[in-house]
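Novice: The residues making up each chain are set out below.
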Amino acid sequence: MTKIEWTSSAIRDVKAEFGGVVNKSKLETAKSLANAHFQVEPNLKRIYLMQPINDQDPNDPIKLLEVVEGTIERGIEPVSFAADPARGMDYRLMIIEISPAEYESVRTVGKVRLGNHDWTIGEELLAR
Amino acid sequence: MPATDEEWARSYAIQALSDLDAREKLADANAKKCHRLHFLQMAAEKTCKAHLTWENGHDTVRKSHAYVARVFPIIARVFYPRINDNNQINQWELSAITRFAREIELLAPACDDGDLRRDNSEYPWEDARGDICTPCEYNFPNIDDGSRTIIRMIRLIRTAAESYSRPQLTTNH
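In order, the protein sequences belong to chains A and B. First residue of the first sequence? That's 1 in our numbering, and the numbers climb one at a time after it. First residue of the second sequence? That's 1 in our numbering, and the numbers climb one at a time after it.
Derived from the structure by calculation, the hints contain no laboratory data. Everything hinted at is true.
Below, simulated SDA-like cross-link-like pairs (lysine to any residue); rule was C-alpha separation at most 20 Å, straight line:
hint : chain 1 : residue 1 : chain 2 : residue 2
1    : A       : K45       : B       : S147
2    : B       : K32       : B       : D21
3    : A       : K31       : B       : S147
4    : A       : K31       : B       : G146
5    : B       : K32       : A       : P58
6    : B       : K25       : A       : M89
7    : B       : K32       : B       : N139
All chains, please: the whole structure from these sequences, using the hints.
Specialist: Listed below in structure tokens is the structure:
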């Protein structure tokens, strides 16, 4: 018997087939967010997606590490945002804003600690 | 012995940090926008009162809610250089914060801009057409609480409130 891997894209395909609401995946949403943030924030230098991304758990937030020139240096300090489906934001969001100097210190470690979890610095999201 | 200005400032600041913590928990829990904004407004207001108490004394701080629009931009100008190698805050950042602070102040029911803005984060109000608006069903179109300005504002509130919560370390006096 073939085992079906229910990836987020597979679930969306099935939903679409049966007329359900089709949400963007977290990665797609993160890329859209990154693009929007680059458009409005002139001092934003880099955005990284923090991993792992748990696509199966809608309550698990998208976590973005944003490197902003001239930001207040306060270390790793996430700011949370609620989901806003009316504006195409189906997931909670957490933004960790750090300066380029702070980024240099976390880059070598490759991960940041939030609460009881270590999050790995993952894919860099670029302006489209 | 009556409480000192320093003790009052510290208390306002500690409460502001707790309000901000509540805002984070509400955002994490996908709570309604009115609740998220309410705690942001309270955190901003108490940080402003901590600043005014520290600078001018507790006697000058009244029970008014109308402090954020006027005082928060001052806090931004004061604290930004302190923690950014004496660099001044960019004018566009300050303008964005000033606009945002004004809208945050108007969230308090007592601040209605001369009865022009009845929308607030706590109590129902009647709009110009005579319809009743309920905060938890209202989307507060003048405030984008997913905007990047809110990140700046939250980080400034934390920075200032933490500073006033341990005022003996900020020896400007």
